[in-house]
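Novice: Residues per chain, in single letters:
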Amino acid sequence: MSRKPYVREVPKTTWYFRQGRYMRYMGREVTCIFVGAYALFLLVAIKRLSEGRAAYEAFLEGLSSPAGILFQVVTLIFVLYHATSWFNLTPKAMPVQRGEQFLPGGVIVGAHYAGWVVVSLVVLFLAGVF
Amino acid sequence: MAKSNKPIVWGLFAAGGTLTAFFLPALIVLTLLAALGYVPDLLAYENMRAFAEHWFGKLVLFVIVSLSLWHAAHRLRITLHDFGFRSDTLIASAVYLVAALGTIAAIVYLLRI
Amino acid sequence: MSERQIQLEVLRYNPETDSEPRFQTYSVPCEAEWVVLDALNYVKDHLDTTLSYRWSCHMAVCGSCGMMINGEPTLSCKAFLRDYPDTIRVEPLVHFPIERDLVTVIDDFMEKLNRVKPYLIPKEARTIAEGEYRQSPAELKRFKQYTLCINCMLCYSACPEYGLIPDFIGPAAIALAHRYNSDSRDGGREQRQQVIATKEGVWECSFVGACSEVCPKHVDPAAALQQVKIASTVDWYKEHLMPWGKS
Amino acid sequence: MMEKIQTDVAIVGAGGAGLRAAIALAEADPKLRISLISKVYPMRSHTCAAEGGAAGVIKPDDSMDLHFNDTVGGGDWLCDQDAVEYFIKEAPKELTQLEHWGCPWSREADGSVAVRPFGGMKIKRTWFAADKTGFHLLHTLFQTSLKYPSIQRFDEHYATDLLVDAGRCQGLTAIEMRSGQLRQFQAKAVIITTGGAGRMFPFTTNGAIKTGDGMAMAYRAGVSLKDMEFVQYHPTGLPNTGILLTEGCRGEGGILVNKHNYRYLQDYGMGPETPIGQPVLKTMELGPRDRLSQAFWHEQKKGNTVPTPWGDCVLLDMRHLGEKLIDERLPFVRELATSYLQKDPVHEPIPIRPVVHYMMGGIHTDINAATVLPGLFAAGECACVTINGANRLGSNSLTELLVFGKRAALSAVEYIGSGVTPNDAAITKQAERVQGRIRTLFEKSGGTESISGLRKEMTDSMEEHAGIYRTAEGLQSACAKIGELRLRYADIELHDKTNVYNTDLLQALELGAMLDCAEAVAVGALERKESRGAHQRLDFEARDDQNYLKHTLAHYHPNEPPRIEYLDVVITKSQPSVRDYSGAKK
Ligand SMILES: Cc1cc2nc3c(=O)[nH]c(=O)nc-3n(C[C@H](O)[C@H](O)[C@H](O)COP(=O)(O)OP(=O)(O)OC[C@H]3O[C@@H](n4cnc5c(N)ncnc54)[C@H](O)[C@@H]3O)c2cc1C
Ligand code: SF4
Ligand code: F3S
Ligand code: FES
Numbered sequence: 096m097s098r099k100p101y102v103r104e105v106p107k108t109t110w111y112f113r114q115g116r117y118m119r120y121m122g123r124e125v126t127c128i129f130v131g132a133y134a135l136f137l138l139v140a141i142k143r144l145s146e147g148r149a150a151y152e153a154f155l156e157g158l159s160s161p162a163g164i165l166f167q168v169v170t171l172i173f174v175l176y177h178a179t180s181w182f183n184l185t186p187k188a189m190p191v192q193r194g195e196q197f198l199p200g201g202v203i204v205g206a207h208y209a210g211w212v213v214v215s216l217v218v219l220f221l222a223g224v225f
Numbered sequence: 126m127a128k129s130n131k132p133i134v135w136g137l138f139a140a141g142g143t144l145t146a147f148f149l150p151a152l153i154v155l156t157l158l159a160a161l162g163y164v165p166d167l168l169a170y171e172n173m174r175a176f177a178e179h180w181f182g183k184l185v186l187f188v189i190v191s192l193s194l195w196h197a198a199h200r201l202r203i204t205l206h207d208f209g210f211r212s213d214t215l216i217a218s219a220v221y222l223v224a225a226l227g228t229i230a231a232i233v234y235l236l237r238i
Numbered sequence: 074m075s076e077r078q079i080q081l082e083v084l085r086y087n088p089e090t091d092s093e094p095r096f097q098t099y100s101v102p103c104e105a106e107w108v109v110l111d112a113l114n115y116v117k118d119h120l121d122t123t124l125s126y127r128w129s130c131h132m133a134v135c136g137s138c139g140m141m142i143n144g145e146p147t148l149s150c151k152a153f154l155r156d157y158p159d160t161i162r163v164e165p166l167v168h169f170p171i172e173r174d175l176v177t178v179i180d181d182f183m184e185k186l187n188r189v190k191p192y193l194i195p196k197e198a199r200t201i202a203e204g205e206y207r208q209s210p211a212e213l214k215r216f217k218q219y220t221l222c223i224n225c226m227l228c229y230s231a232c233p234e235y236g237l238i239p240d241f242i243g244p245a246a247i248a249l250a251h252r253y254n255s256d257s258r259d260g261g262r263e264q265r266q267q268v269i270a271t272k273e274g275v276w277e278c279s280f281v282g283a284c285s286e287v288c289p290k291h292v293d294p295a296a297a298l299q300q301v302k303i304a305s306t307v308d309w310y311k312e313h314l315m316p317w318g319k320s
Numbered sequence: 016m017m018e019k020i021q022t023d024v025a026i027v028g029a030g031g032a033g034l035r036a037a038i039a040l041a042e043a044d045p046k047l048r049i050s051l052i053s054k055v056y057p058m059r060s061h062t063c064a065a066e067g068g069a070a071g072v073i074k075p076d077d078s079m080d081l082h083f084n085d086t087v088g089g090g091d092w093l094c095d096q097d098a099v100e101y102f103i104k105e106a107p108k109e110l111t112q113l114e115h116w117g118c119p120w121s122r123e124a125d126g127s128v129a130v131r132p133f134g135g136m137k138i139k140r141t142w143f144a145a146d147k148t149g150f151h152l153l154h155t156l157f158q159t160s161l162k163y164p165s166i167q168r169f170d171e172h173y174a175t176d177l178l179v180d181a182g183r184c185q186g187l188t189a190i191e192m193r194s195g196q197l198r199q200f201q202a203k204a205v206i207i208t209t210g211g212a213g214r215m216f217p218f219t220t221n222g223a224i225k226t227g228d229g230m231a232m233a234y235r236a237g238v239s240l241k242d243m244e245f246v247q248y249h250p251t252g253l254p255n256t257g258i259l260l261t262e263g264c265r266g267e268g269g270i271l272v273n274k275h276n277y278r279y280l281q282d283y284g285m286g287p288e289t290p291i292g293q294p295v296l297k298t299m300e301l302g303p304r305d306r307l308s309q310a311f312w313h314e315q316k317k318g319n320t321v322p323t324p325w326g327d328c329v330l331l332d333m334r335h336l337g338e339k340l341i342d343e344r345l346p347f348v349r350e351l352a353t354s355y356l357q358k359d360p361v362h363e364p365i366p367i368r369p370v371v372h373y374m375m376g377g378i379h380t381d382i383n384a385a386t387v388l389p390g391l392f393a394a395g396e397c398a399c400v401t402i403n404g405a406n407r408l409g410s411n412s413l414t415e416l417l418v419f420g421k422r423a424a425l426s427a428v429e430y431i432g433s434g435v436t437p438n439d440a441a442i443t444k445q446a447e448r449v450q451g452r453i454r455t456l457f458e459k460s461g462g463t464e465s466i467s468g469l470r471k472e473m474t475d476s477m478e479e480h481a482g483i484y485r486t487a488e489g490l491q492s493a494c495a496k497i498g499e500l501r502l503r504y505a506d507i508e509l510h511d512k513t514n515v516y517n518t519d520l521l522q523a524l525e526l527g528a529m530l531d532c533a534e535a536v537a538v539g540a541l542e543r544k545e546s547r548g549a550h551q552r553l554d555f556e557a558r559d560d561q562n563y564l565k566h567t568l569a570h571y572h573p574n575e576p577p578r579i580e581y582l583d584v585v586i587t588k589s590q591p592s593v594r595d596y597s598g599a600k601k
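Protein chains in written order, with the working numbering: chain A, 96 to 225; chain B, 126 to 238; chain C, 74 to 320; chain D, 16 to 601.
Looking at chain A on its own, in the form it has when it is part of the complex:
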């Protein structure tokens, strides 16, 4: 038998350097670290809240350390990336068929962005930012 198919190995730990789109994908995936970190941060906040005024206010105080500010800023950036990449993919997961035609993906994405803006404004408003 003269066949001898040649198998090209995929580099298991560095494959994502091969293409820009893989890097963008990995960027999206690592947002989870920040989502997770922020969830734990909220958990701590709730714990402090349950421990009473002193604990909670000390916690708020601690936020304004340079590290605390950096954490908030970096997390915001990654979470924004998470949100946009998530919304951009929704038409694939949930296409909407009206009569014969499908709603164009842009409409679905647009609706999500609009909803996002509204939700954010409402949250900020209720929290007394404005």
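Some hints here could point you the wrong way.
To be verified - Below, simulated DSS-like cross-link-like pairs (lysine-lysine); rule was C-alpha separation at most 25 Å, straight line:
1. Lys588/D <-> Lys74/D
2. Lys190/C <-> Lys272/C
3. Lys74/D <-> Lys139/D
4. Lys217/C <-> Lys162/D
5. Lys311/C <-> Lys272/C
6. Lys117/C <-> Lys99/A
7. Lys190/C <-> Lys162/D
8. Lys117/C <-> Lys128/B
9. Lys214/C <-> Lys128/B
10. Lys290/C <-> Lys196/C
11. Lys117/C <-> Lys187/A
12. Lys142/A <-> Lys128/B
13. Lys108/D <-> Lys162/D
14. Lys190/C <-> Lys214/C
15. Lys74/D <-> Lys214/C
16. Lys217/C <-> Lys139/D
17. Lys217/C <-> Lys187/A
18. Lys46/D <-> Lys19/D
19. Lys217/C <-> Lys74/D
20. Lys108/D <-> Lys74/D
21. Lys444/D <-> Lys471/D
22. Lys99/A <-> Lys311/C
23. Lys214/C <-> Lys290/C
24. Lys274/D <-> Lys316/D
25. Lys217/C <-> Lys290/C
26. Lys117/C <-> Lys74/D
27. Lys217/C <-> Lys190/C
28. Lys339/D <-> Lys290/C
29. Lys187/A <-> Lys272/C
30. Lys128/B <-> Lys139/D
31. Lys311/C <-> Lys107/A
32. Lys117/C <-> Lys512/D
Keep in mind the hints are simulated off the structure, nothing from the lab.
For this one, chain A is given, so just place chains B, C and D with the ligands on it according to the hints.
Specialist: Chains B, C and D with the ligands only, in chain A's frame:
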């Protein structure tokens, strides 16, 4: 071949992904403002306490914290695989354990308020 | 017509004479409206008859001429030279073993295609005398896009998860299963779920989305896979949390 | 030792016809061992390129007789009318069967199957799946074939020769391309479904695989090739690549104009002019392909064509159809024109010219898809039943694949029932001879001829002399040329002497097949001293029913031109008359 059980966590992952996309950015803006010294009204102790004492406030906080955790845990499992860590069973157990513990902790802390 | 000299760097591998692949460069005089396949045909006819590659239709419908062109999975009959620099690198589709030169071994894909039962399993049997099934244009539209797959396997080359986890059934085969599942005439979803709702099925997909980006027919397999995931998740919750709800 | 595969029925070719035959066999008897052999994976077969549609009577305003008349008249009365009757009766059943297998036919609002107008058809009766009908038909058949475990596929196996002993076809040899090994298939019956041979010409809609291999295989085994001189030009090909723009473009209302923006078809017996956007069946742009292609030739002679970098063209104007209709009914056409010619039919007229498209002729079979060689059957474009006569009507061929693919299978089952078995010793010896022949070709050194060189000489000569219009002089030179090339073929040398996926070897074998077929075309055309359908002689301009209402049969000779014989056409209910495509007489 049996059907996979991934749907359990995937359901939480997807729900968490949507929820975090909609809510986390605004929440982070709130905490960022606090960090910068402009503590929004809601984050003041009395208001926060009042919010968390109400059953609805508890529910909101619980849903946000736990779903974010499950979303992050599931995606982290896949991301670690993508980075070349191949002991999937171990990784899955670890990340889901953290998410589960976090979920329980959230319940416990919230009930204490 | 304007001629342009292209340097074509082609991966060569002959199992009988090579222990591993190498690149060979051909200088090819090309016409402006040529595609990469035309340049390969020029090589075959005029420069080197030993080069092997697959092609047939030259109109992007038979699905045989997929290759990596400058690192991107592409149909060589639809890769217009006008869109490329003067040096073009051509390799066989990645994630598949190389049989020879640009020819890959696609047994794995053919086996997976077979496994997903990509044929109509009628909801209600019908005789020829009873005529055609009725299907409204809207019902047709619902799955039409997923019928357009030409089995070119560019998506398999683009999908990193398939490269990392060769057992993954992969985008095109699952999209095809979804095509039949979404057909108003079909009643075979449960049978196909046994195959695609497994770990090797849709659950190895992490929604990279590269499959849809390279698909020359805009099948959008990534969309099909997400929809399968959602439907399988709904199934799971129904089965486990509301066992009474099972029909 | 050569590997032997024992099977009941071997099918060579996994295009529409081959797959339909395989399914019919598997359904007829699940115990049958079926070998489906193809030089490409089934879904790569050229049936996938068919765009426009498949004809079959289904709507209440239509009738079997009308389809019959269109087909027989369209074929210039060279069709065997008993075969046409059978074909038309089976057509709707086959198309419905395909629907039951999941084919995504385009639909009417009420959910029934939609039909569109097509050239030469008096009534709308062409079923279509947007403008990818052949593609959907092929994939539906291929995917359906996966249901049947008894269909054993041998993908990427190149069939080389039939094995014949005691006057019966008992199998074949094929090269497994990935290993380069010759395999012997011992079969009780063989069905050839290898498709057409358009690659004999330089400018064709046909894919690279359409090299007439099966025709040549049968021909060399002693089965004659029928009506090979009838080569269809399709009037609307993209000038640079030969990519087809389906007749559906005109069916939906596209018009053809010359450089003066004049709808020239009205000058060639297809007028009077019909209003733009309201196509009238069987006139003007909806005339038959042979007439339209011939009209182009005359326009070119008169200097009315548009010069382009790729030769003279006329214009296909679809702008008035509008973007919505084009995207819905002709999306593939738009994609093809926009990418390969960089012209968008929504915004500009598309230059087009006639292009070699389809072989009306092929392996001589009877109405049961059987050849004169017991045990050998043929169906699809490689066969000539004949329902297409001197000119095939668009959309009859996809239906033909189904109807006669199935017919061939049923005939094979019947034949096997008589208890035939292959004679191992005798055909093994033959297979070894085949192996010896291929090995000689493979190993020979010091050859002076190149495959691509000979191929170019062949295609150039065919284009120049055996094209839309032919003359005795031109055809004589084509015959001489092809004869010469067949001799020079003995002097080719392969540069690739390795086994695995050796396309050098396959191209050599394909060239051999094309030369055999090309000679049958040229000699048949030279001998047919009349003009009929797609065969037009400038030196014999009229149809001559007295002498040539007959099928041409070309008999193979290894180193001489074929011997030509004639066979009467079967006429049941339609006597030859004038082909009328003017709207006036409606
Ligand atoms: C661009 C285009 C558009 C068309 N549009 C229409 C249309 O709208 N309507 C219509 O009715 N008709 C149309 N036709 C015609 C019709 O599509 C063909 O006649 C038909 O598809 C031929 O099918 P087939 O099964 O006979 O052969 P094919 O589909 O060509 O299949 C041939 C098979 O034989 C195999 N084969 C060949 N040689 C060998 C060998 N040596 N060893 C092993 N296997 C071999 C191949 O691998 C392949 O599987 C069109 C044709 C073209 C080219
Ligand atoms: S889904 Fe697209 S890329 Fe994948 S095989 Fe089908 S046509 Fe090719
Ligand atoms: S690229 Fe792969 S991971 Fe999923 S979305 Fe496409 S199959
Ligand atoms: S040659 Fe058929 S898809 Fe490229």
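Novice: Each hint should be assessed against the structure and marked as holding or not.
Specialist: Consistency of the hints with the structure:
no. : hint                  : verdict
1   : Lys588/D <-> Lys74/D  : holds (23 Å)
2   : Lys190/C <-> Lys272/C : holds (17 Å)
3   : Lys74/D <-> Lys139/D  : holds (8 Å)
4   : Lys217/C <-> Lys162/D : holds (22 Å)
5   : Lys311/C <-> Lys272/C : holds (19 Å)
6   : Lys117/C <-> Lys99/A  : holds (23 Å)
7   : Lys190/C <-> Lys162/D : holds (7 Å)
8   : Lys117/C <-> Lys128/B : violated (48 Å)
9   : Lys214/C <-> Lys128/B : violated (29 Å)
10  : Lys290/C <-> Lys196/C : violated (29 Å)
11  : Lys117/C <-> Lys187/A : violated (42 Å)
12  : Lys142/A <-> Lys128/B : violated (39 Å)
13  : Lys108/D <-> Lys162/D : holds (21 Å)
14  : Lys190/C <-> Lys214/C : holds (21 Å)
15  : Lys74/D <-> Lys214/C  : holds (23 Å)
16  : Lys217/C <-> Lys139/D : holds (23 Å)
17  : Lys217/C <-> Lys187/A : holds (15 Å)
18  : Lys46/D <-> Lys19/D   : holds (20 Å)
19  : Lys217/C <-> Lys74/D  : holds (24 Å)
20  : Lys108/D <-> Lys74/D  : holds (13 Å)
21  : Lys444/D <-> Lys471/D : violated (36 Å)
22  : Lys99/A <-> Lys311/C  : violated (49 Å)
23  : Lys214/C <-> Lys290/C : holds (16 Å)
24  : Lys274/D <-> Lys316/D : holds (13 Å)
25  : Lys217/C <-> Lys290/C : holds (12 Å)
26  : Lys117/C <-> Lys74/D  : violated (50 Å)
27  : Lys217/C <-> Lys190/C : holds (18 Å)
28  : Lys339/D <-> Lys290/C : holds (19 Å)
29  : Lys187/A <-> Lys272/C : holds (21 Å)
30  : Lys128/B <-> Lys139/D : violated (48 Å)
31  : Lys311/C <-> Lys107/A : violated (37 Å)
32  : Lys117/C <-> Lys512/D : holds (15 Å)
Comparing the model with each earlier hint shows violations of hints 8, 9, 10, 11, 12, 21, 22, 26, 30, 31; every other hint is respected.
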